[in-house]
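Participant: Going line by line, the protein sequences match chains A and B.
Here the first sequence is numbered in my numbering, starting from 1 and rising by one per residue.
Here the second sequence is numbered in my numbering, starting from 1001 and rising by one per residue.
In case anyone wonders, no lab produced these hints; they're calculated from the structure.
Just so it is clear, the structure is predicted and the values come from calculations on it, not from any experiment.
Ideal placement from N, C-alpha and C gives every residue a C-beta, glycine not left out.
Any given hint could be a false lead.
Stated by the list, open to error - Rough simulated footprint, nothing fancy, chain A against chain B, three-plus residues with beta-carbon under 8 Å:
(1) 1008-1015
(2) 1020-1034
(3) 1039-1053
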Amino acid sequence: MTPDEIQAALADMRPQMLRFARLQLRSEAAAEDAVQEALLAAHTSADKFTGASSVKTWVFSILKNKIIDELRRRVREGNVMDFAAAEDEMKDLDDLFDQRGHWAAPPMAWADPEAALDNQQFWVVFEACLDGVPPKHGRIFMMREILGLETEEICKELAISPSNCWVLLHRARLGLRECLTQRWFGEQQ
Amino acid sequence: MINCKEATQLISQGQERTLTLAERLALKLHFLICAGCRASERQFEFLRAAARRIGSPEP
Ligand SMILES: [Zn+2]
Chain A
1 MTPDEIQAAL ADMRPQMLRF ARLQLRSEAA AEDAVQEALL AAHTSADKFT
51 GASSVKTWVF SILKNKIIDE LRRRVREGNV MDFAAAEDEM KDLDDLFDQR
101 GHWAAPPMAW ADPEAALDNQ QFWVVFEACL DGVPPKHGRI FMMREILGLE
151 TEEICKELAI SPSNCWVLLH RARLGLRECL TQRWFGEQQ
Chain B
1001 MINCKEATQL ISQGQERTLT LAERLALKLH FLICAGCRAS ERQFEFLRAA
1051 ARRIGSPEP
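Can you build the whole structure from these sequences, using the hints too?
Facilitator: See the structure below:
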């Protein structure tokens, strides 16, 4: 690729990168910084790229690492929520089950979820749901499923036990399931 | 018999660790009688797939 082509490919990606970083970091300034650093790194490694798709894969993996670094920094500086004290946020989800632990309203299968993946509007809703679940749940879900960290790493980073980590992830999934049912899949039924 | 609350916990943990034989059996039996938990399992799988797609955008 010529430097101009790389430049154009990177400029193209910038909005998507920013949105991605904002979702994880919840700070405009921190998101700008992470994207800027990833783009700078891409410029200095321009000779590695064989095409627009390789630029994209590469830059996003750099961006993910920058985001993970930033999240680690926040943990180190104590600038992070108290994950160990997450139990108090579970009340609303307990309403999902009755006293005997059965579904209060059993989930219905979603109609054609695969099709949603190709619908741009679905991703807007998905991100809104990620933003809408309690931050502790959302953050840990993103570390696990979007940034791709292993559960052990997350436990270590956040100084919580594996079982606490599982509980938080589970709460996140239940919350996201509810949100998507209400805001996306429910509408079709 | 496990209830739905326990079943969904196992479904979630199945994405984090290998379930024991007893846990898998309990879940299987529960699925036989519970469409809600069967739907949840597929939905949890979908959440993972969707989140991974955000994490590795297609070129
Ligand atoms: Zn059930």
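Participant: All hints, please: hold or fail.
Facilitator: Now for the hints, and whether the structure bears them out:
With a cut-off of 8 Å between beta carbons, the region 1008-1015 of chain B has 5 residues touching chain A; three or more are needed, and the interface restraint holds. With a cut-off of 8 Å between beta carbons, the region 1020-1034 of chain B has 1 residues touching chain A; three or more are needed, and the interface restraint is violated. Given a C-beta distance limit of less than 8 Å, the hint that chain A covers the region 1039-1053 of chain B holds, as 13 residues qualify and 3 suffice.
In this structure, the one hint that does not hold is number 2.
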